Amino acid sequence: MSQPPSPDAPPARPLPWGRWSWLAALLLLAAWSFSVGEGAFLSLLRGESLAQMGGYAAKFWPPAAEAPFLALVARAALETLAISIAGTLFSVVLAGGMLYFAASEEILGSGGEWEGSSLRRTAPRRALYALARTALNFFRTVPELIWAIFFVFAVGLGPFAGALALGVHNGGVLGKLYAETLENVRPGPVEALRAGGAGRASAFLYGALPQAWPQVIAYTLYRWEVNIRTAAILGFVGAGGLGQQIHIAISLFLESRLATLTLAIFLLVNAVDLASGWLRRRLEAAF
Amino acid sequence: MSGAAPQRPPLSAGRLALLVAAVAAILASLKLSGANPALLLSGKALRSMADFGRGFLPPDVSPAFLRATWKPFVETIQLATAGTALALALGFPLALLAAGTLHLGGVLFEGDPEPRPLARRLRSLPYWASRLLLNVMRSIPELVWALLFVRAVGLGPAPGVLGIGVAYAGILGKVFAEIIEGTDLRPALALRAAGASRPRAILYGVLPPASRTLISYALYRWECGMRAAAILGFVGAGGLGQHIEISMRMFEHRQTATLIIELFLLVALTDAASARIRKMLA
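If you read the protein sequences in the order shown, they are chains A and B.
Counted from 1, the first sequence has number 277 at position 277 by the working numbering; the numbering is strictly sequential.
Counted from 1, the second sequence has number 33 at position 33 by the working numbering; the numbering is strictly sequential.
One chain only, chain B, in its complex shape (with noise of 0.2 Å):
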């Protein structure tokens, strides 16, 4: 890891097998994607290109136009945070269960008498079901989720936010889990040594030490929501998004380039705040 490594290993069968098959997969998927730098730098493409570019400026910053952008850029905050509270309340919940060190390795189960085999395998159940639920609600896109919800409780910017909260959910959940794995356990083997329940423990066992980490990852997912919910627009759930997608289909560009730099100033904000929540709990 560290600038000390001058003797490199000499160039094994398995590490050039590796290479060839990278080096292969590689130029399979630029010819497969249609990969044809001509066309992009070719003459034609250059100039529309840059003709396209040259409709976003200059930004249309008219008062009327910045009235009528306020509200998307409230509803994408709102997108943000409803959608990143919602992963919390399904996420935490699932990391406590998806946490082996709480169950697997059993803190919690220390000093019970060794159970059955049957009976280890039912207790290991809730560990994998979390784990397997964590990983579909990650995998699948949050626009994809959004998209499922749209016709489940119809357009808005509702299916916006339980897209997020899905998706994001699968994602905090699994983080969390990894941060309470991290986490010194022996505060909460000694409370249920000294007689604490099982959720006493986690809750004054577990929790304090780990709460830095989870809430400034929790921060982090909170940014990353802001972008995200401006990409959801793109499927109507309101907010900047969408109005950056009605701006370009109707060549707009103009309006689309202050909507644009209306979402950096966004996410720089957000920065910016949770930059400084950050540091006041260090």
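Extracted from the complex, chain A is given alone in its bound form (with noise of 0.2 Å):
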């Protein structure tokens, strides 16, 4: 293994040892962390474990299929859909308008307007741009679910809550995205535009916005599809979609109509991820 075969490819460097001991420290970490189970991992190693689990898992067979059950299945399986496409717009709406106090500095300090220019003059952009990311950071940091607890709080029980928490927290996400985008664009077109006369907005809109498209609508797609699976959860504190009637079947023990909401979940985040892949495909030609 020591020579690669083909003089153009590099030879793979084995790891030092120092590294090695970094990456037993991280296995010691997670031999340790299993201890949190207090037993229940020896016990599923024993086997003991396993036999309710096989007992426990025949009883989702068959799955519930009576008519009046699917169509509440396909009700709610829709209004998850809904919430995850809200939430994607509510976030993409967040996130576009915090971008340009998020990533300015960057992109609109490119031009060596900056240089030069006194402290006192740049001093509020600054501040603006640490608020913006701060706030970003704070939306992000807070996951969906306390979010969606703080909605149902504000506008009442229901999808709408659910779809202002991916909102959000999703808002923190893409905002972080979009403005490291931006921030990697080539400063070349934006400084032209400044140096033409151009306005910082619209240097920014014509110059910066456009380099970075392709990698914004695919960032917004791929938040989508995590979107999707967690619209289908949101339901355990009352924003509405599969995830309630999840909790309702798990409190309630129906094992069977169980099987049908998790294969509803599996089919429906299979479909978001052919749609959003085919969506990214399409767009990608047309850039």
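Keep in mind that the hints were calculated from the coordinates and are not lab data.
Computed from a predicted structure; not experimentally measured.
Just so you know, not all the hints are guaranteed correct.
[To be verified] Derived lysine to any residue pairs resembling SDA-like cross-links, with alpha carbons at most 20 Å apart:
(1) A:LYS59 / B:MET248
(2) A:LYS59 / B:GLY100
(3) A:LYS176 / A:LEU209
(4) B:LYS71 / B:MET248
(5) B:LYS71 / A:LEU29
With the hints as a guide, bring the two chains together.
Put into structure tokens, the structure is as follows:
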């Protein structure tokens, strides 16, 4: 293995010992972490829980298929889909609105404009930038489920609260991703526009944004794929969709209904993955 | 992709239809989800949100409470770490099966006599089976997996670990398979030609060049696991999430604020640790 066959492929360097020790430490951490299960994993290995698990799994068959229940599942699935799409839309609006502040320093300062300009002039923009970044960080750190509890309190039970929760959390995620994308665009077009007398906003809109579009769209579709999975569980805190039905089925020990609902999530998630992948390819071809 | 795209194609019928469909889907979603900006921006909602938000301030930093949050803090780390370790153990073998370049294109079988059609089909069976299994594992959210495991192994952190383990194995397996598919397989071919066995060709020919990307993605999943572990507490898997849920239900919002700050610190800490490890490996 010491000599790779082709001269143009760089040889793979073996990891030095110092690096192996990092991996060893991680491995130890992992081994210790399993103690959190308080013996449950050991009994799983010994097969005691396996029989219990098998017995439980057997209850899932056959999946519930009564017409009224299927209609209920279809409606819940549609609601979950709606939450994921509306939530993605809200997050795009939020991230887009914050973007100008969260990325502008790098983008619009690239024309050499800030060089030599006094600290007093740049201070307000810098403060806005820091504020926008902090807000995005905060939106992102608080998990969707907690935002959902918050919005259930604000606008009442139902899917709107779920969509808002997705919107705020993902507004933070997308805001960061969009800002990073924009910071990595080539500065040439922006500088050219600025040199030609364009304002800051137009240079941003016509110089920076067009370069970032494909990546922005890819990130947005990727978040939609994440959102459909989250939308399926937001119902646990009363934010509508399939999660609510799952919560009911679990609380009432209705395993055959649980089977149908799990299957519905599987189908819905895969449908969205397919749609998003198809859209991505189409849009990539268009750019 | 790059900036030189001034020649925009005219809006074809297909693209117009797509645009109309997208707008219709978005409008229908807004209606179905009961979106009502007036409701959100009404004075009453704004007031109640402000009251609600104010209840979180200032965070409860009394020594007694901080001491009480130590155990869930550590528990969250354990949940995430054990879950990710389990995901690696489950996902890695599946990734080897699901990496098409190893099986379908037949790097490992190159030089063998051309198999008969039926044998060929059978040979691709593990590939399709592992792909399907990985898909099922990652399509069902970890929270749902955890709930399913609660009934099977009892309440507590164990179902949380299993939930993260299964769902993340689905993701890791898929991404690992893609990384392996993107790896230069000539070293493995050379090893095979030199008479190495198939497992050895994978061990010494495929994994070393891919190892850095694989490790770095596993570390990224570990970070995601921290957030997931905090959520799983909502269904009784322990950790910070469980305490967040309890404190919210008891309207102890100042405690909730502290716990959310701790979650933020935990994620930042993992971020820094994995960035550090990644840098050492690079």
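(request) Mind listing which of the numbered hints don't hold for this structure, in increasing order? (result) Numbers 1, 2, in rising order.
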